[in-house]
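Dock chain S against chain V, hints included.
Protein chains in written order, with the numbering used here: chain V, 1 to 290; chain S, 1001 to 1284.
Just so you know, not all the hints are guaranteed correct.
Unchecked claim - Pairwise CB distance ranges (calculated):
| no. | chain 1 | residue 1 | chain 2 | residue 2 | range |
| --- | --- | --- | --- | --- | --- |
| 1 | S | F1107 | V | A96 | 36 to 46 angstroms |
| 2 | S | W1179 | V | R288 | 45 to 55 angstroms |
| 3 | V | S155 | S | V1026 | 56 to 66 angstroms |
| 4 | S | T1050 | V | A96 | 55 to 65 angstroms |
| 5 | S | W1179 | V | D218 | 31 to 41 angstroms |
For the record, the hints were derived by calculation from the structure and aren't laboratory data.
We put the beta carbon where it would ideally sit given N, CA and C, even for glycine.
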Amino acid sequence: MSSVEQGGVNLKPSGRVAGTSTSLAEVSISQTVGQLTVPDPVFSCRDVSVHYGSKQGVRDVSIDVGKRQVLAMIGPSGCGKSTFLRCLNRMNDTIAGARVTGKILLEGRDIHDRQLDVVQLRARVGMVFQKPNPFPKSIYDNVAYGPRLHGLARSRAQLDDIVCTSLQRAGLWDEVKDRLSQAGTGLSGGQQQRLCIARTIAVEPEVILMDEPCSALDPIATARIEDLIDELRASYAIVIVTHSMQQAARVSQRTAYFHLGSLVEVGETDRVFTNPRHKLTEDYITGRFG
Amino acid sequence: MSRRTVRKLTNVVALGLSTVATAIGVVFLAAILWTLFKDGLAGFSRSLFTGMTPPPGSVGGGLLNAIYGSVVMTVLGTLIGAPVGMLAGTYLAEYGRNTRLAMVIRFINDVLLSAPSIIVGLFVYELVVVPMGHFSAISGAIALAIIAMPVVVRTTEDMLNLVPQGMKDASTALGAYPWRTITSIAYPAARSGMVTGLLLAVARISGESAPMIFTALNNQFWSTDLRAPMANLPMVIFQFALSPYGNWQQLAWSAALLITLTILLLSIIARVAVSRFSPGARKR
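Just chain V, with the same shape it has in the complex (with noise of 0.2 angstroms):
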């Protein structure tokens, strides 16, 4: 655990800083509680709101995700935890009359610049999504999907070496080694699942961001999920969505909790689980709310 809590809001509270400044420590932050900065951070987000047509969506959320750790937001449904997840590898560009303001910086670059090529991004940050939603095509193309489509392999042979090495360290090469051509839609809830992070991986992103993985799986499933989670921490950053507090408790060191659009604690797992500061994240997480 890289963060180290300094007790009480660390951020002193600043008044709006107009747009152009890239200098983090000017911009404002918002009323957050809790530790939003960690050292040398992968993700570094400032002040990000999301507007759907007339309605706002998330509202001036700033934090940080930290490298080879997961980052886990909880928070009742429509609180805008997947919108701002959504936010992080720009996949709510796809969405009509959605627009994102304040800044997102990836590894010091504003993931908005206009000469940023939002394909790169979506390769240094890959999306695992709530319903496992595998290619109709076989086991081996869908996780040589990414790779062809960024020209990450020179020969079949590489190609190959990727496919294997990504459903290795998906923990599905055992299942599915026999019968790499045969549809991935055809293989069980949980597999698919890990098909999709496989997938993912095959891109050899920086971060993965996952929209509650494990809500349509079962218990023995999600477990397996978990597990895998906390091994990938290794090489990732991780960002996940979740409804199951219990999970976010497994498998994540930090913890934002989000309402109604707004980021209103995040800290280290423990501290928000065992010693809530808002109000807010005390009566959700004790089950008073929520």
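Chain S in isolation, oriented as in the chain V frame:
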């Protein structure tokens, strides 16, 4: 009567009505097919596929020129209409999904879909036949293309809309541009439906006679010139079935059966092909 009895009775009545409705449909279909086979098969011989349409009052003759013409114009019409229809359907389902332009196009397409085919014929007559100065096979193909297009637009859009959004999102999230997602994910996933739509279009245009009156007209002789009038099965049926000559009437029956069998064969081939090349069945 208790509530349960009423419900049971309602169920029996609903079941009975739908069974009767189905039976009516099937009976008429069977009657049409029976007549078609009975009267059509009588004319099947080698000369049907080798001889030309005979002049009035002669004996024998065949349909070779009409079969050729129908195949050429249907294929040409499909080749022109299907790509345009597929791309337009792709625009409606993927690129322009919620735009005002797409709504307008969708509405106009629906109008075109139900437009009487004779009006399409008249349109092409003004557009192609009048400037050319005479009837031609190419104008027939264009008329057929215009009739096939809205069918393909509609089925392509419907089938692409059936592809789960999550699947397309997964491709986008891996860094694929929309076109790549459409060609690598959406088209393969919607393939069987799109092929069915294409076949529907082929089936629709291969039996069209009304637009032919204004475009390809007919030809008593063998002709491969696309700029000249060309014989075709629907016009042969139209002309020969109304004639007083026995051998002409026989040829009309045979032509009708021929069209029906071709469509049947096409459907079977397409179904086999679609299941053969469905995902997962492929070697890696």
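Hint by hint, here is what the structure shows:
S/F1107 and V/A96 have their C-beta atoms about 20 angstroms apart, which leaves the hinted 36 to 46 angstroms range violated. For the hinted restraint 45 to 55 angstroms between S/W1179 and V/R288, the CB-CB distance of approximately 50 angstroms keeps it satisfied. Look at V/S155 against S/V1026: about 58 angstroms separates their beta carbons, and that is inside 56 to 66 angstroms. Checking the proposed 55 to 65 angstroms range against S/T1050 and V/A96 shows it holds: the Cβ atoms sit about 60 angstroms from each other.
As the Cβ distance of S/W1179 to V/D218 is approximately 37 angstroms, the hint placing it in 31 to 41 angstroms holds.
Going through the hint list in order, the structure does not satisfy hint 1, though it satisfies all others.
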